[in-house]
Amino acid sequence: MATALAAEYAFDTEYLESSAKIVKFVVLKKQKEQDATREHELASFEEAMLPHMDAAHNFAKWLLHNEQDAQDVVQEAYLRAFRSFAGFHGSNGRAWLLTIVRNTAYTLLKKNRSADLTTTFDEEIHLTGHESASPAMILERAEDAELMKNAIDQLPEEFREILILRHQVDLSYHDIGEILKIPAGTVMSRLARARAKLKEYLTTHISQDR
Amino acid sequence: MNCQDINNLMDGYLDGELDPVTSQKVEQHLRDCPKCEQAYEVEIAMAHAISQAAPYYKAPLELRERIQVSLRESIGATTSRGVSGESPLPVRRPEPVRRGVFFDMPWNWLALAAAIVLAAIVASSFLPRLRQPGADQFLATQLIASHVRSLMANHLTDVASSDQHTVKPWLDAKLDFAAPVVDLSNQGFPLIGGRLDYLDNHSVAALVYQRRKHFINLFIWPRTPGTSEAQKTVTREGYHLLHWVDADFNYWAVSDVSEADLQNFKQLFEGQTLHR
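Here the protein sequences come in this chain order: A and X.
Numbered per our numbering, the first sequence spans residues 18 to 227.
Numbered per our numbering, the second sequence spans residues 36 to 311.
Accuracy of the hints is not assured; some may be wrong.
As the list claims (entries may be wrong) - If the Cβ cut is set under 8 angstroms, some of the chain X residues that face chain A in the computed set are: (1) D50; (2) A74; (3) A80; (4) A84; (5) A88; (6) A180; (7) G228; (8) L231; (9) N236; (10) H237.
Said to hold, decoys possible - Taking lysine to any residue and the SDA-like style, the derived pairs with C-alpha atoms no more than 20 angstroms apart in a straight line are: (11) A:K216 with X:M45; (12) A:K198 with X:N236; (13) X:K93 with A:E63; (14) A:K128 with A:D89; (15) X:K93 with A:Q185.
As the list claims (entries may be wrong) - Under 10 angstroms between C-beta atoms, here's a sample of chain A residues computed to sit facing chain X: (16) L45; (17) E64; (18) P152; (19) L164; (20) S189; (21) P200; (22) M205; (23) S206.
Just so you know, the hints here were simulated from the structure itself, not pulled from any lab data.
Think of the CB as a built atom: it goes at the ideal place given N, C-alpha and C, for glycine as much as any other residue.
Modelling step: build the complete structure from the supplied sequences, incorporating the hints.
Rendered as structure tokens:
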């Protein structure tokens, strides 16, 4: 190799040096262009998606009941969203992001499912032999933050998430349907059941408090 | 409209999702019927309480920072991959000159060129493979979760039909690609219907087939350039997953039927799609 090198080395050093410079230049230039493109992509992603971080965190926290899990899920969801941002052409970025947050959260929930089983809604306990509270009593207590939080937390996931999407994120049936992968009609009936369940909880708890 | 009708429409009315005519009828009834009026007030109060009284968990500042840092890191990590994956130019370009570069260059240029070529080769061959197993495992988890959810949540199909000419147009209208749909009733795998699903951050078509008492979910989405051609099988938690690709699409079949049944299913499916 050394002889071959020496023989050809004599041939035209300058020409070869400059061609190597071109190679280097092309590679570096290409690299720079790609860096710039990635930077640009990130900037437009951040502009579109960072404003929804509160909504994402809020949703994750309601789904997971746990700050650390919620933060991990939101972070993971943002990274996943960025990776597939090029494929997003919809009009509602918030709904799109929340879809990813939800998928990520459910993946985690499924993993932890055995631990989570203890926190499901214990219907029997809440429904035994208490006199119902009147609508007036519900109206009176509805602004009680602690009571509302506990009530929502006790709901089964499918009811909790739909109430949050409707009333805190303020999404339309269409957008909720996209996130939950259900038709708009099902959104309406599920919301009706979720509200009935919530009312049931409030009713029994208010009358127990008395 | 009677009170029962109003009760059924109350949620749609509350959410402003009724058409104007129906909405007006509900409004009229609420004005005339104190009982429904009060029920509606309770609904309003609860809606208001969820949006105002219940906590809204804002993202803490440190999470915001953490996410921005990790996004930035992710482009740092992907740029080296980008050189090989997205544009073949920098890798290919040196090749015609390379013989010259290798044999004729002063050592410092040689080293530099070698480093560039090596980096490109490493980036092109090594990194994607490093990434692959983790990504597959993650996808497999998602696929099984989708399959299980579809059976659990009583949401096996969005469009229930054994007629491929019903299922296909329905899916085509919902997706930005036209997934192949075939009925395999005569071969023992009747088509039950289709569904939209969401995997790996994109919408996918899910076709549902039955095998005796079992269901097979077949997930289909467009193939991206560079997808490996290799057929894959994964067995996990009692489910079998079978992956294959054709010229246009990725396929993942998920089921609790035997692996042999799944292979058989794949061959039948492929046989039918090739003939069109």
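Failing hints, ascending?
Per hint list: 7, 17 violated.
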